Amino acid sequence: MRVHRAILASIALMAATAAFAQTHAPSHNGSAISQAERDAFRAQPRDAGAEELMALIRQTYPEDYLGFESEMITARKTGATQSDLNQRAFQFGSDIRRRVEPYLKQAPTPDLLGFVRRQAEAIDQMRVVSPRACYESVEFGGLSADAARTLTPTIAKRLSLEGEHRLKVALKGKASPVTRAAPSSADREAAKAAFLRAGGDAGWLEALSHGAPRQQSDAVRCQSALAYLNGLLSLPADQAARLAAL
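Per the numbering used here, the very first residue in the sequence shown carries number 4; after that it's consecutive.
Bear in mind the hints are in silico, worked out from the structure with no lab data behind them. Bear in mind the structure is a predicted one, so any value in this text is a computation, not a measurement. Mixed in with the good hints there might be a few duds.
To be verified - Calculated pairs, BS3-like style, for lysine-lysine (alpha carbon to alpha carbon, straight line, at most 25 Å): (1) Lys177 x Lys195; (2) Lys175 x Lys108; (3) Lys177 x Lys108; (4) Lys195 x Lys171.
Unchecked claim - Listed next, with one range per pair, are the computed distances between beta-carbon atoms: (5) Gln90 x Ala185: 32 to 42 Å; (6) Arg120 x Thr157: 41 to 51 Å; (7) Ala184 x Ser237: 42 to 52 Å; (8) Ser37 x Gly82: 31 to 41 Å; (9) Thr81 x Ala189: 54 to 64 Å; (10) Phe143 x Lys171: 21 to 31 Å.
Quick reminder that beta carbons are idealized off the backbone N, C-alpha and C, glycines included.
The task is simple: from the sequences and hints, build the whole structure.
And the structure:
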């Protein structure tokens, strides 16, 4: 089992959407960026509940963030469409996720499993308003742009907090990396049994394991996604951590 990839990309997308929904109209002078424009860009993610997450990204990867911010502000001023801006924001979030992923997997066991537990809680909350977003979080490693737009402000805020927590756990893994053995066959069998006990659908797991299309309903896919994480959390800590670090 692998830990579901978190939602940094989706949060960056939602933050950018909130930011540019309220900024000034495009102009043709994109060469200069004022401090006021930067301040406005950094303030707007609060509408998506992502202000603290984006601030943490800015603190952790200052040069990357500054380049992203400059590109977004300039693109808006020179007439980029909202679709173009969304795509760039989603790409930036994806790039950050890929950079922190190895460190997340090396985090100390209590932190790694605490992250998985919080993700399971977030998905459980999400399924009430968007079964699609619920299952995409596990099946596809994060939310698509379409699924992200189905979320309520409350859920979006919760996911922003999870993104912030993910980055903090990854930084712990970077500072104090833990080397883990690869999961054994026994580990994998235990994970499968735990998944089924948690109410997961066997056909869903088989399809996911082989990268095949899932034929189940949205509700079953969502329930199975949640069982995927809850099953892992029911295992002994060291075993669960080996599986979570896949």
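Status of the hints after comparison with the structure:
no., hint, result
1, Lys177 x Lys195, "violated (30 Å)"
2, Lys175 x Lys108, "holds (10 Å)"
3, Lys177 x Lys108, "holds (10 Å)"
4, Lys195 x Lys171, "violated (29 Å)"
5, Gln90 x Ala185: 32 to 42 Å, "holds (36 Å)"
6, Arg120 x Thr157: 41 to 51 Å, "violated (20 Å)"
7, Ala184 x Ser237: 42 to 52 Å, "violated (20 Å)"
8, Ser37 x Gly82: 31 to 41 Å, "violated (18 Å)"
9, Thr81 x Ala189: 54 to 64 Å, "holds (58 Å)"
10, Phe143 x Lys171: 21 to 31 Å, "holds (24 Å)"
The structure fails hints 1, 4, 6, 7, 8 (numbered hints given earlier, in ascending order).
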